[in-house]
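Respectively, the protein sequence lines represent chains Y and Z. In terms of the numbering used here, the first sequence is numbered consecutively and its last residue is 312. In terms of the numbering used here, the second sequence is numbered consecutively and its last residue is 357.
Calculated directly from the structure, the hints in this document are not laboratory data. A couple of the hints might just be wrong.
Each pair of labels, with its calculated beta carbon distance range [unchecked claim]:
hint: 1; chain 1: Y; residue 1: 243; chain 2: Z; residue 2: 308; range: 35 to 45 Å
hint: 2; chain 1: Y; residue 1: 196; chain 2: Z; residue 2: 335; range: 19 to 29 Å
hint: 3; chain 1: Z; residue 1: 151; chain 2: Y; residue 2: 166; range: 41 to 51 Å
In silico DSBU-like links for lysine-lysine, alpha-carbon gap of 35 Å or less [as the list claims (entries may be wrong)]:
hint: 4; chain 1: Z; residue 1: 240; chain 2: Y; residue 2: 152
hint: 5; chain 1: Z; residue 1: 26; chain 2: Y; residue 2: 196
hint: 6; chain 1: Z; residue 1: 322; chain 2: Y; residue 2: 165
hint: 7; chain 1: Y; residue 1: 300; chain 2: Y; residue 2: 266
hint: 8; chain 1: Z; residue 1: 147; chain 2: Z; residue 2: 322
hint: 9; chain 1: Z; residue 1: 331; chain 2: Z; residue 2: 283
hint: 10; chain 1: Y; residue 1: 196; chain 2: Z; residue 2: 283
hint: 11; chain 1: Z; residue 1: 322; chain 2: Y; residue 2: 196
hint: 12; chain 1: Y; residue 1: 126; chain 2: Y; residue 2: 264
hint: 13; chain 1: Z; residue 1: 331; chain 2: Y; residue 2: 152
hint: 14; chain 1: Z; residue 1: 322; chain 2: Y; residue 2: 185
hint: 15; chain 1: Y; residue 1: 165; chain 2: Z; residue 2: 26
hint: 16; chain 1: Z; residue 1: 42; chain 2: Y; residue 2: 165
hint: 17; chain 1: Y; residue 1: 196; chain 2: Z; residue 2: 240
hint: 18; chain 1: Y; residue 1: 152; chain 2: Z; residue 2: 210
hint: 19; chain 1: Y; residue 1: 90; chain 2: Z; residue 2: 26
hint: 20; chain 1: Y; residue 1: 152; chain 2: Z; residue 2: 283
hint: 21; chain 1: Z; residue 1: 42; chain 2: Y; residue 2: 90
hint: 22; chain 1: Z; residue 1: 26; chain 2: Z; residue 2: 165
hint: 23; chain 1: Y; residue 1: 152; chain 2: Y; residue 2: 165
hint: 24; chain 1: Y; residue 1: 165; chain 2: Z; residue 2: 331
hint: 25; chain 1: Z; residue 1: 165; chain 2: Y; residue 2: 196
hint: 26; chain 1: Y; residue 1: 300; chain 2: Y; residue 2: 90
hint: 27; chain 1: Z; residue 1: 265; chain 2: Z; residue 2: 211
hint: 28; chain 1: Y; residue 1: 152; chain 2: Z; residue 2: 147
hint: 29; chain 1: Z; residue 1: 210; chain 2: Y; residue 2: 126
hint: 30; chain 1: Y; residue 1: 165; chain 2: Z; residue 2: 283
hint: 31; chain 1: Y; residue 1: 165; chain 2: Z; residue 2: 211
hint: 32; chain 1: Y; residue 1: 126; chain 2: Z; residue 2: 42
hint: 33; chain 1: Z; residue 1: 265; chain 2: Z; residue 2: 150
hint: 34; chain 1: Y; residue 1: 90; chain 2: Z; residue 2: 280
hint: 35; chain 1: Z; residue 1: 147; chain 2: Z; residue 2: 42
hint: 36; chain 1: Y; residue 1: 90; chain 2: Z; residue 2: 143
hint: 37; chain 1: Y; residue 1: 185; chain 2: Y; residue 2: 90
hint: 38; chain 1: Z; residue 1: 211; chain 2: Z; residue 2: 147
hint: 39; chain 1: Z; residue 1: 94; chain 2: Y; residue 2: 165
hint: 40; chain 1: Y; residue 1: 277; chain 2: Y; residue 2: 152
Remember, it's a predicted structure, so these values are computed and weren't measured experimentally. Virtual Cβ for every residue (Gly too), placed ideally from N, Cα, C.
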Amino acid sequence: MRLDKLDKLDTQNQGELTQPTLVLCEGKRDASFVLHLAEQRGIKGIQTGFPDPGGQFKVTSNAYGKSGFKEYLVDLRARTGFKNLRHIVILRDRDGDETAAFKDVAQQIAGAGKYGVPTAAEQESEGTPGVIVRLIPDAATEGNLDVLLLSAIDATHPLNHCFGPYFDCCGLEAIPIGEAAKIKLTTIVAASCRKNPSASLTFVWSQVGNPIPLASSKFDDLADFLRRFA
Amino acid sequence: MIRSLEIDNFRCFKSLIIPDIRRFTVITGKNGTGKTALLESLFISSGGSAEIYLRTNAWRGRDLVSFSADSVLPIFEDFFYKFDPRGGLRIRFRDSFGEEREVCISVDSSKVINLPFDTKVSEAKHSLDLKFTWKTPKGEFESPVEITKDGIKISQPVDVFPMTYLNVVTAGLARETADRWSAISARNAEGPIEDAVKKIFPEVIRLSVLSPGGLLGVYVEVKGLERKIPAGLLSAGVNKLIAILVAIGSSPKGVVLIDEIENGLYYKIEKPIWESISDFAVQNDVQLFVTTHSREFLEAIAPSAELDDKSYSLLRMEKENGDIQVETFGGNEFGGAVERGFEVR
Numbered sequence: 083m084r085l086d087k088l089d090k091l092d093t094q095n096q097g098e099l100t101q102p103t104l105v106l107c108e109g110k111r112d113a114s115f116v117l118h119l120a121e122q123r124g125i126k127g128i129q130t131g132f133p134d135p136g137g138q139f140k141v142t143s144n145a146y147g148k149s150g151f152k153e154y155l156v157d158l159r160a161r162t163g164f165k166n167l168r169h170i171v172i173l174r175d176r177d178g179d180e181t182a183a184f185k186d187v188a189q190q191i192a193g194a195g196k197y198g199v200p201t202a203a204e205q206e207s208e209g210t211p212g213v214i215v216r217l218i219p220d221a222a223t224e225g226n227l228d229v230l231l232l233s234a235i236d237a238t239h240p241l242n243h244c245f246g247p248y249f250d251c252c253g254l255e256a257i258p259i260g261e262a263a264k265i266k267l268t269t270i271v272a273a274s275c276r277k278n279p280s281a282s283l284t285f286v287w288s289q290v291g292n293p294i295p296l297a298s299s300k301f302d303d304l305a306d307f308l309r310r311f312a
Numbered sequence: 013m014i015r016s017l018e019i020d021n022f023r024c025f026k027s028l029i030i031p032d033i034r035r036f037t038v039i040t041g042k043n044g045t046g047k048t049a050l051l052e053s054l055f056i057s058s059g060g061s062a063e064i065y066l067r068t069n070a071w072r073g074r075d076l077v078s079f080s081a082d083s084v085l086p087i088f089e090d091f092f093y094k095f096d097p098r099g100g101l102r103i104r105f106r107d108s109f110g111e112e113r114e115v116c117i118s119v120d121s122s123k124v125i126n127l128p129f130d131t132k133v134s135e136a137k138h139s140l141d142l143k144f145t146w147k148t149p150k151g152e153f154e155s156p157v158e159i160t161k162d163g164i165k166i167s168q169p170v171d172v173f174p175m176t177y178l179n180v181v182t183a184g185l186a187r188e189t190a191d192r193w194s195a196i197s198a199r200n201a202e203g204p205i206e207d208a209v210k211k212i213f214p215e216v217i218r219l220s221v222l223s224p225g226g227l228l229g230v231y232v233e234v235k236g237l238e239r240k241i242p243a244g245l246l247s248a249g250v251n252k253l254i255a256i257l258v259a260i261g262s263s264p265k266g267v268v269l270i271d272e273i274e275n276g277l278y279y280k281i282e283k284p285i286w287e288s289i290s291d292f293a294v295q296n297d298v299q300l301f302v303t304t305h306s307r308e309f310l311e312a313i314a315p316s317a318e319l320d321d322k323s324y325s326l327l328r329m330e331k332e333n334g335d336i337q338v339e340t341f342g343g344n345e346f347g348g349a350v351e352r353g354f355e356v357r
């Protein structure tokens, strides 16, 4: 895809690195959330990135999402502006096991070579740029970005009394918490954004009726964390 | 093959060391960051006479139309970093056999300057004269430059390194391309060039050198036309490809420098053109240095670069605090970055 045809997220993901901190997310929808959260909280100095599924040209690899950090970090070094980068914050879903989630990212960082490897989540590695791993929703909470976003939906949402029984009927207790959160969130977004019920999390932020308030206190911890590297 | 390059006080470079140069070196960077100057540094070091400086300057639009001075300094001062010749300049490269080639210009304080009695001295600064020296594996040579009433006298080149420089001016010179083609044809070695051109431009039937009315040039026989036409009339792309292939064919075991390689090439044929050029360069053991601003060209070479790390490198020139810096990346790194869609220019 040509750079002049990219949207803001793609431009941030592929264009020149102009900010001191790169927040590397699993995918575009995660990056969109971080970008909008940073704008809402007035956090400057960060640029978002994500391992695009195979990139537009990448022929030698199809690693993407949480498996794509290693190759992204390898390719990142030749990108214009890299030498001015001070921090790389990697956001990864915690899923069910905090230790396994951190270890997976640490191994990818080590595999990319030439980067310092952090010894624990939220600790910055030696070297420049320093690399930091932050788990989502947080180190102590099982789940993923959807769990975090779901927690921020206002308890006074007018359809809340309908969502509860409906989700009970869906049998979501039988599937992992992160997958269940995706189903719930998609349902709530579709019911809330009447003009674009199929809005994805990448684009929900600009939709009329967006049910996820970026000002929610549930995002304060992440926002404060990002601010440390801004 | 050139493996490393050191430059001191040349053009925009105060001091520059490039320690890892490979067969295919791609040079990127914004305008004014020294991409062309880097090619010029290589070209000048390949010569064996001060004449090569004047040619290089002429391609920059600095023609020596008229000359009146009591020192050669004004002619050569723009080769020095910040136009200051006092520290001299030096360009040195080392090849894959560990042999070195070095060119220096230094202020020649031993030289006596004779001024005629009627000279009106209009400048307060002292006149300086310059000494041009080449050090090659065969020895050390000086290339004296003398000012005479008839012009500048410069010695013949000695121990020239096989290097061809294609820039905006020289890539379009029909006579030079035709001369090179003739030399290759005399060795019966033009076949691969013709085949490569025909593969990418199927309308071409045959290439030949003609001189109608004394206008020497490479001509093409084209399907559907009853007469041969100059290559440049068929298309700028054909002309450019022929110029590059002929330059490679006439510089075996040498170097070809190509400034802004994408000029004249339609973006969709850049990949097959690069494949032809790079294959022919390997066949002739030729090293290529190319500058580019083109994303399409980088995309065309990225897959090859990523898979052949040892043959490719990217030099990105950047201006930092007024000085030029170079970042070097191997083929795997820059090829992967381009394929991911990252900006590397």
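Exercise for the section: Would you list, in rising numerical order, the hints stated earlier that this structure does not obey? Expected result: 1, 4, 17, 18, 19, 25, 28, 29, 31, 36, 38, 40
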